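Trainee: Sequence:
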Amino acid sequence: MRKLNYILPIVFFALTDIAFSQVSGTILMDSLSLPGAEIKFKQSDKVVSADFDGNFSLPIESKTGNDNLIISYAELSIEIKNVELSNGKLNIGEFEMPYFKDISITEFEQLSELEKKNCQPTYCWGQLLGYLRTDKLENKYLTLNCEEKITEFEYNPTTKTIVVDWNIIKNCK
Numbered sequence: 071m072r073k074l075n076y077i078l079p080i081v082f083f084a085l086t087d088i089a090f091s092q093v094s095g096t097i098l099m100d101s102l103s104l105p106g107a108e109i110k111f112k113q114s115d116k117v118v119s120a121d122f123d124g125n126f127s128l129p130i131e132s133k134t135g136n137d138n139l140i141i142s143y144a145e146l147s148i149e150i151k152n153v154e155l156s157n158g159k160l161n162i163g164e165f166e167m168p169y170f171k172d173i174s175i176t177e178f179e180q181l182s183e184l185e186k187k188n189c190q191p192t193y194c195w196g197q198l199l200g201y202l203r204t205d206k207l208e209n210k211y212l213t214l215n216c217e218e219k220i221t222e223f224e225y226n227p228t229t230k231t232i233v234v235d236w237n238i239i240k241n242c243k
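Our numbering numbers the first residue of the sequence shown as 71 and each following residue consecutively.
To be clear, the hints were calculated from the coordinates, so they are not data collected in a lab.
Take the hints with a grain of salt, since some may be wrong.
SDA-like, lysine to any residue: derived pairs with alpha carbons at most 20 Å apart [stated by the list, open to error]:
#1 K187 / T204
#2 K240 / L98
#3 K171 / L207
Keep in mind it's a predicted model, so treat the numbers as computed, not measured.
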């Protein structure tokens, strides 16, 4: 019975620590909430979706080391490398999802056939408005959770993934 008195508190605190260890934040696009954005760790199968207000909370399964946080919406992903996982909570703040490059119908017609394969038409009520070039981003910078423009990132047009290091954005204001 005495062993049980020692073991129960240890198990309780271990389970509550795991249950409350999480990464949270808000996903935005044009400073508006982005419901439905998917968030996961690269080394995990657990995926959560941002709620109506763009907020999410993702449990941390591993207490030690680093992992990559992946935020995805409409074929575009941001991979934040080397997110420091530790006991407790980590709030990553507000993250702005960037856009693919928007081009006009005239600009699309001037592209090569290979470049046209990287374009998606944009319609409104059945009328063609223009195209999105999925091999290019609208801006050459990210805002993420910073007021400053982040230019230190890589964009892979094949996988449509932006890769940025956590150390670049974790202390920005």
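Trainee: Decide if the proposed pair is consistent with the structure: K171 and L207, CA atoms, cutoff 20 Å inclusive.
Mentor: holds (5 Å)
Trainee: Regarding the pair K187 and T204, is the alpha-carbon distance no greater than 20 Å?
Mentor: holds (9 Å)
Trainee: What's the verdict on K240 and L98, does the C-alpha distance respect the 20 Å limit or exceed it?
Mentor: Status holds; Cα separation ~17 Å.
This entry satisfies every hint, going by the numbered hints stated previously.
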